[in-house]
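**Q** Keeping their order, the protein sequence lines are chains A and B. First residue of the first sequence? That's 1 in the numbering used here, and the numbers climb one at a time after it. First residue of the second sequence? That's 1001 in the numbering used here, and the numbers climb one at a time after it.
Since the hints were made in silico from the structure, they are not lab data. Ideal Cβ placement from N, Cα and C applies to all residues, glycine included. You may find that some hints are simply not true.
Claimed, not checked - Facing chain B, from chain A, some residues (calculated, C-beta under 10 angstroms): (1) Trp15; (2) Pro17; (3) Phe23; (4) Gly29; (5) Arg30; (6) Trp32; (7) Leu34; (8) Ile48; (9) Ala49; (10) Leu50; (11) Val51.
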Amino acid sequence: MPEPMPRTELAESTWTPAERAEFIRRRRGRNWLLLGVLAGFCLLIYAIALVKLHEYGQMW
Amino acid sequence: MSETAFSAELGATASDWLALLKPRVLTLVVFTGAIGLVIAPVHMNPVLAITAILCITVAAGAAGAINMWYDRDIDAIMKRTSTRPIPAGRIAPGGALAFGVILAVLSVLVMAMATNLVAAAVLAISIAFYVFIYTMWLKRLTPQNIVIGGAAGAFPPVIGWAAATGNITALPILLFAIIFFWTPPHFWALSLYASGDYERAGVPMLPVVKGARHTRICIMVYTLILVPVTLAPFVFGLLGRIYGVSALVLGALFVAYSWRVLYDAQDERGVSLTRNAPARAAFKYSILYLFILFGACAVDRLV
């Protein structure tokens, strides 16, 4: 499957394939970071909730 | 198109966003915050303890990001900071500000949820202090910026302690005072050999405004104030002999390093003739000093 084109006019008009590949690599890196942060945040809130429920004796 | 401009056009990398958090500064923040938590006389659930340290770290990083947003004009002028993501054009200023504000708010909310309101309130105050008092007000106004602004970096052990206990007693206040009095000699040692950058940017750092000679004297004076402050937890019986001996030995060494800075070979204006070798050594030692001193706090409590 071909790589998606960057959504900027400049990219479509003047970037070489190597530049476009670099742009996509950077965007992918940012997206993975964001995914990691969001997943970590969800896990953190879940863990805090478990501990708090346990502390107040409402779970076990 | 230049390499830098082209790199900016491609957008930020994930590491650019992480760089906004000033990761090198965070090391000390995490460590001192963790020590505040460890020496507190209360057992804390490990999940909540890790969350508290995470919140302190993220809050400090968020304050750093907002600082980079506000200081983007002078960062572009200074050689040391000109490659940061905002002056280099890889991250838009508005994006960096939003990033910092969101992280700051989240860190305070999560701290309140995981620990208690005292810790969350002190965390919020520390962010506000760094952003409004130091970055926006003092940094560009007075050569005493580091003295008062240094308080922002002194909050982590207090927050760590408050997260564990829900209150603030004499020991965390003394730990705050230690970092408060440690910051000026630490930073002024650096500014002795990096003052050219600050001068170009118009930041009134002490060597720029008062000269190198005056700065050397101030480093010595603050080191001499720091040593008795570090001994106070031992004198008042809050920490034991392991800490007391460590504080004494480390303090004596710090005074020796400051002495070498004061009597470095220099011209009549106090400018070093040795490429500031003693100031560089004092700066490096000051970092080691704080790590070992706070490490001794933890060892003293745990042994």
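**Q** For each hint, tell me whether it holds in the structure or not.
**A** Right, here's what the structure says about each hint:
1. Trp15: holds (9 angstroms)
2. Pro17: Not OK, violated: Pro17/A not within 10 angstroms of chain B, min 14 angstroms.
3. Phe23: holds (5 angstroms)
4. Gly29: holds (4 angstroms)
5. Arg30: holds (5 angstroms)
6. Trp32: holds (7 angstroms)
7. Leu34: Holds. Min distance 9 angstroms.
8. Ile48: holds (5 angstroms)
9. Ala49: This interface hint holds because 9 angstroms falls under the 10 angstroms limit.
10. Leu50: Because about 8 angstroms separates Leu50/A from the closest Cβ in chain B, which is inside the 10 angstroms limit, the hint holds.
11. Val51: holds (5 angstroms)
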